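**Q** So you can see what is in the structure, the chains are spelled out below.
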Amino acid sequence: MGIRVAESRRSGIRTPTVVGLAVGVVGIFAVFAVRALTPALGKWSLPNQLQDLLTLSISVIVESLPFVILGILLSIIVQVWIPDRWIMRILPANPILRRGVISFLGIFLPVCECGNVPLARGLIVKGFTVSESMTFLLAAPILNPITIITTGQAFGFDSWVFVARLVGGFVIANVIGWLFSKHPDQDSLLTDRFAAECRMPDPHEHGETRWKKSIELFTRESGVIMPALFIGSLVAGLVQVAVPRAVLLNLGSNPVWSILAMMVLAFVISVCSNVDSFFILPFASTFMPGSISVFLVFGPIIDIKMLTLMRTTFTAKVLVQLTVVVALLSALIGLVVNYVA
Amino acid sequence: MWRSVRRWQGIVLVVAALVSTVWLAVTNQLILYIHPRYIVFTVIMAVLGLVLVVASFVSKPDHDHDEPPKRWRAVLSITATVVTLAVAVGLVVVPPATLTTATANQRVINSTGVGAGTQNVSSAASAPAGTFAKFTVLDWSSLLRQTSDASFYQNKAADVTGFITSDKSDPDNVFYVSRFVITCCAVDAQPIGVPVYLPNWRSSFSADEWVRVKGEFDTNPSRTSQESIALVPSDTTKVDQPSDPYLY
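As they're listed, the protein sequences go chains G and V.
Per our numbering, residue 1 is the first one in the first sequence, and the count goes up by one each step.
Per our numbering, residue 1 is the first one in the second sequence, and the count goes up by one each step.
Note that these hints are calculated values from the structure, not bench results.
Please read these numbers as outputs of a predicted model, since none were measured by experiment.
Think of the CB as a built atom: it goes at the ideal place given N, C-alpha and C, for glycine as much as any other residue.
Hints should not be assumed to be uniformly reliable.
Claimed, not checked - As a list, the in silico SDA-like pairs of lysine to any residue whose alpha-carbon atoms are at most 20 Å apart: (1) K212(G) x A55(V); (2) K70(V) x K182(G); (3) K134(V) x K70(V); (4) K43(G) x P242(V); (5) K70(V) x T315(G); (6) K168(V) x N250(G); (7) K182(G) x K317(G).
As the list claims (entries may be wrong) - Partner residues aside, some chain V positions facing chain G, computed with beta carbon under 10 Å: (8) I11; (9) P36; (10) V58; (11) C184; (12) C185; (13) S203; (14) S204; (15) F205.
What the hints assert, rightly or not - Per the computed footprint, the stretches of chain V lying under chain G, defined by three or more beta-carbons under 8 Å from a beta-carbon of chain G, are: (16) 43-57; (17) 100-109; (18) 142-153; (19) 220-231.
Could you put the whole structure together from the sequences, leaning on the hints where they help?
**A** Structure (structure tokens):
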């Protein structure tokens, strides 16, 4: 009897699996065929602005995609393959020290900011508090080897901009972590959907293999992250087409306005923290060093693409508070650098 | 039901993005969107992603953990789904293209110091004559930023290729041979350009067209243009867009 049940269950799984695989693979080839054949139909004469909107949005997607995949992969490794005690044991028990150490996790998990979102989600599921994962999310894009090297190469390892970026990133991430750790109900900082996911005793404990858990996590995370990435990229493209750059550039030499202009630029451009130093370097001749620091501190934490991605995990209220506090703190850092440099 | 919509939306978007990425890489068009240095990393992650997608077709989904959303949330979700699918269709169907003059004008040509140190006036002054024919729009715009002394440009023949963007201060007689300079991806593209004095250029050319201009730099004859030095062409021809339209 037991054997018969097992057999019927096995064959019940096998049929849809094969069909699913066949449909999926054919689907992939169909998309590939459409992509390969449509250029033969000739150029679309879209209006320039619409064409550029599409090019810019696709550019954000293509640039972020490898980091998102890498982030999801690392999140899978952390959630499924690394034993709980490994991560938890090396962290100090004192909450402030703990967040201090967490700020440097990015050195071992060097993912760009968009890849950090799935990773931070994974860390919450793994047992991090919400405020701890926020500290990681905000610090890791700045305190990681690639960003440190590119920033140093662009501005010099002994420059004010370099120091302001690293120290500023650390301070902001820890202040934010400390502020949100004071919230009495940590779960209420999360979206209902994600909080429900975290509350499950072990969401994947259905007697599955680790491989199956990993695949299941990949599907679930791409279901959450990809729509956010697409919408974030489209909005980032729209704003770029709509806001004339000259408006921002004219504000460059004023110590206060240039800081605001750089925040707006960082918010709009949504460029990856690993390379944003090279992007902003040409602006260094027209903008004050404090405002360049603001771009490099504020940009990796808050921009259009990041807010849409973070919205998968945190409530809108939390994101507004986060944006305001990060903006004020980075403006303060910028003013200090403008004063001393 | 709700969960499977979410699940399939994610898979569809991942497939659209990954397949397009691989196709762009195979046809050498990924450089229209990102800097060449990221191509290897991007392709490796795209292939890994596709392997995971195929594996997900084999895996049977978990039982349903999600509650169906409330009404207004459902409307929002459906709108978001439609928007993301529209972008996905754009990604898969519309032929890849470079940025156009719309972005060049919006970001203002030569407005940042990009490429300011690409060429140096003193070393260029003593360079052998053949060097200048190889100078790109970026090299010349770098020199133009440093000196407007017309004598410096004498006997230095230029041969540059770029797309046409009109000069706002004298749109009928002066245009820029322009290119975008990229540090990471098309999002951060900075337009740069070399002013060309060609009276009534619109009679034979139009904005966004790719041209190859040969000639020498001299004091700009235009009365209204704000550019003091301009390329006075001896020969201007339409050309196809190069396969690597951006400069780095």
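**Q** A separate judgement is required for each hint: does it hold in the structure or not?
**A** Evaluated hints:
For a cut-off of 20 Å, the pair hint linking K212(G) to A55(V) stands: about 9 Å separates their Cα positions. Note on K70(V) and K182(G): the hinted pairing is violated, with a Cα-Cα distance of about 31 Å set against a maximum of 20 Å. Note on K134(V) and K70(V): the hinted pairing is violated, with a Cα-Cα distance of about 63 Å set against a maximum of 20 Å. Annotation: proposed proximity of K43(G) to P242(V) holds, straight-line Cα distance about 16 Å (limit 20 Å).
Proposed proximity of K70(V) and T315(G) is supported: the alpha carbons are some 16 Å apart, at most 20 Å. This hinted pair checks out: K168(V) and N250(G) have alpha carbons roughly 17 Å apart, not beyond 20 Å. Our distance criterion of 20 Å between C-alpha atoms is met by K182(G) and K317(G), whose separation comes to about 16 Å. Because the beta carbon of I11(V) sits about 7 Å from the nearest beta carbon in chain G, less than 10 Å, this interface hint is met.
Of the supplied interface hints, the one on P36(V) is violated, with its beta-carbon coming no nearer than about 13 Å to a beta-carbon of chain G, more than 10 Å. A distance limit of 10 Å between C-beta atoms decides the matter here; for V58(V) the minimum to chain G is near 5 Å, and the interface restraint holds. Hint on C184(V) holds. Least Cβ distance to chain G is approximately 4 Å, under the 10 Å limit. Against a cut-off of 10 Å between C-beta atoms, the interface hint on C185(V) holds, since the closest Cβ of chain G lies about 4 Å away.
Contact between S203(V) and chain G, as hinted, is not supported at the beta carbon level, the nearest pair being about 21 Å apart and thus beyond 10 Å. Because the smallest distance between the Cβ of S204(V) and any Cβ of chain G comes to about 21 Å, over 10 Å, the interface hint for this residue is violated. For F205(V), the interface hint is violated, since its Cβ never comes within 10 Å of a Cβ in chain G; the closest pair sits about 16 Å apart. Only residues whose beta carbon comes within less than 8 Å of a beta carbon in chain G count, and the stretch 43-57 of chain V has 12; three or more means the coverage holds.
Under a criterion of three residues with beta carbons nearer than 8 Å to beta carbons of chain G, the stated coverage of the stretch 100-109 of chain V is upheld, 7 such residues being counted. For the stretch 142-153 of chain V, the stated coverage by chain G is not satisfied: 0 residues place a CB nearer than 8 Å to a CB of that chain, which falls below the threshold of 3. Counting residues of the stretch 220-231 of chain V whose CB falls under 8 Å from any CB of chain G gives 0; the rule of at least 3 is not met.
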